[in-house]
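Chemist: The task is simple: from the sequences and hints, build the whole structure.
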Amino acid sequence: MTQTIISAKGLQKTFGTFKAVRGLDFDIEAGTCVGLLGPNGAGKTTTMRMLMGLSGITGGELTVLGKTPEDLTRTEKSQIGLVPQMDNLDTDVSVTENLEIYGRFYDVSWEELAVRVPQLLDFMQLSDKAHARVNQLSGGMKRRLVIARALISNPDIVFLDEPTTGLDPQVRVLIWKQILSLKAQGKTLLLTTHYMDEAQRLCDRIIIIDEGQVLDDDTPKNLIKKHVSGHVVEVPKAELSTFKTYDADSEDIGNAVLLYVDKIEPYAAQIKNHPGTFYRPANLEDVFLRLTGRSLREGA
Amino acid sequence: MNELRDFILVAKTILRRNFLVNYSNKWTTLANNLGNPILFLFAFGYGLGAIIDEMGDVPYIAFVVPGMIAYATMFTSSFEATIGAFSRFQFLRTWDAALATPVRLHQLLMAEIVWGALKGVFAGFCVLLVGAAVGGIVIFSKLWLLLPICLLASACFMACGLVATAYARWYDSFSYFFTFWVSPMFMFCGVFFSVDRFPEWLQWVSFFLPMTPFIGMIRPLTTGLPIDWSLMAIQGFYLVALTVFAFWVAHRKIKKRMFD
Ligand SMILES: Nc1ncnc2c1ncn2[C@@H]1O[C@H](COP(=O)(O)OP(=O)(O)OP(=O)(O)O)[C@@H](O)[C@H]1O
Ligand SMILES: [Mg+2]
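So the protein lines, in turn, are chains A and B. Quick note on numbering: my numbering labels position 98 of the first sequence as 899, and the sequence is numbered without any gaps. Quick note on numbering: my numbering labels position 167 of the second sequence as 168, and the sequence is numbered without any gaps.
Be aware that a few hints might be false.
To give a feel for the contact side, a few chain B residues facing chain A, derived at Cβ under 8 Å [said to hold, decoys possible]:
| no. | residue |
| --- | --- |
| 1 | THR14 |
| 2 | ARG18 |
| 3 | LEU21 |
| 4 | ALA99 |
| 5 | ALA101 |
Listed next, with one range per pair, are the computed distances between beta-carbon atoms [as the list claims (entries may be wrong)]:
| no. | chain 1 | residue 1 | chain 2 | residue 2 | range |
| --- | --- | --- | --- | --- | --- |
| 6 | A | GLU877 | B | LEU16 | 19 to 29 Å |
| 7 | B | MET2 | A | GLU877 | 13 to 23 Å |
| 8 | B | LEU21 | A | THR876 | 23 to 33 Å |
| 9 | A | ASN936 | B | MET188 | 34 to 44 Å |
| 10 | A | ALA933 | B | SER142 | 43 to 53 Å |
Simulated from the structure, these hints should not be mistaken for lab results. All values reported here derive from a predicted model rather than from experimental measurement. Ideal Cβ placement from N, Cα and C applies to all residues, glycine included.
Modeler: Laid out in structure tokens, this is it:
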């Protein structure tokens, strides 16, 4: 049985006269990990803030656990954790105190905190920084602390706004591992990221938005099937003049052009003759570029 | 009932947080809170005190000490409500972080007010110690009344300061607040001399500034001048009303800024 716990219908947000979110529709089922992808300024953070009740909604409907976010009771709100895009840790107090203060806001008892704080620090590999001041932490450590903080009330729903942006590969892998373990615990996750490999690895379903509107909403596999054909041929611009594209859909990526092709056979011979040209299976990154980029036709 | 329970939880947490932060600078805080009135009293004792024997029927030192208690309280809470609160609001964004938890904005702001009021009272208490040491406190029997009055006034200055914070674009916006709110309360509300020396229009301005009723309430308590209880009730009521009104304005504007 899947149960919808978050639902947006025609969700809108206007800042002054600027329409940041212009009618989003989506549902999120309990226990799934959903990715919210979109270019910079697409409205991902704005949507998450509305989900948290940190930002009022201008139009449409939004329900979290069956209620408008502002109407959630203390207990209901405690079931939701947020990793904001911008770190807003309390830099005046220590790592442990950050978690304790936040935990107390949720009314987690001191006895419980005595157990949970070391556990979470361990979970995010911050145990040796337990008594450090926040401004003595590196960017990646701060990010991990923000994630630990979002988990202090042991929430069932966690919103993660770009949890891994700007982190080194080791830390990203650690965070992926921990996100997967949250998923295994049955938590509902909504994640934004600009790393498509991350989205593909972690998410059951992906919502792609741009300019405040949903472009598509499906599983990573279906998105690839729907929007990009089987393979991508990458042709450097220098070799483009002699390369026959057979009117395949294309995308300009600067120094090269991507061709989305169903079958690789008609191109196989040419690819051999053009040393800079190669092909690979299509992935989510291609879907993203296709949906959000301005598609470039032959010769342009 | 739940609302009260939740508020106490939020207030306790925020008081603890702010106390932790301030405790690490305890010597600085103490040095400032004690050093400032000592320097002031030294300057005024030798300066003004040499030419003024008496003011308002009491020795000048007895006149000025309650004024300085009020000033320290007012300045400390005004500073906390502006520079302090604005940092947590816009610079550190810890208010944003708190509001992602079950904490509500009005609880957060009220907790800030309680904190700032306590801090203001502490500053006033330090001046009281210095003032008592230099013989500026004439009677001691009514000093206990200083506590609730200073708490109330301090809460009022906090609420007024939060209005400035609600409208401030960035830190430099507070220069208006200090020039046109804090300084007039320092100069025109009876800290150093009776308000009745000013032209009438200025007396009207000072009449409405919360510092005037505040000083009016506490000066008789330390100097032993006769207390007009009904006047004190009116002054107290004015401070309560102003606190509630300022809180309402600040909450409304901050909510708009954060949620719209
Ligand atoms: N408080 C605000 N006032 C005015 N405009 C805003 C505000 N917050 C966001 N916007 C605008 O709304 C749009 C969406 O912003 P949002 O932060 O939601 O984008 P995003 O999808 O999270 O982008 P990114 O990937 O860069 O984080 C942007 O054009 C932004 O300029
Ligand atoms: Mg964002």
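Chemist: A separate judgement is required for each hint: does it hold in the structure or not?
Modeler: Against the structure, the hints come out as follows:
1. Residue-level restraint check for THR14/B holds (minimum Cβ-Cβ distance to chain A is 4 Å; threshold 8 Å).
2. Evaluation of the ARG18/B hint against chain A yields a held restraint, the C-beta minimum of about 5 Å falling below 8 Å.
3. For the restraint placing LEU21/B at the interface with chain A, the shortest Cβ-Cβ distance is roughly 6 Å, inside the 8 Å limit, so the hint holds.
4. Given hint, ALA99/B at the interface with chain A, holds; its Cβ is 6 Å from that chain's nearest Cβ, closer than 8 Å.
5. The closest approach between the C-beta of ALA101/B and any C-beta of chain A is roughly 5 Å, which is under the 8 Å cut-off, so the hint is satisfied.
6. At roughly 26 Å, the beta carbons of GLU877/A and LEU16/B sit within the given window of 19 to 29 Å.
7. For MET2/B and GLU877/A, the Cβ-Cβ distance of about 19 Å falls inside the hinted range of 13 to 23 Å, so the restraint holds.
8. For LEU21/B and THR876/A, the Cβ-Cβ distance of about 27 Å falls inside the hinted range of 23 to 33 Å, so the restraint holds.
9. About 39 Å separates the C-beta atoms of ASN936/A and MET188/B, a value consistent with the hinted range of 34 to 44 Å.
10. Separated by about 51 Å at the C-beta atoms, ALA933/A and SER142/B satisfy the suggested range of 43 to 53 Å.
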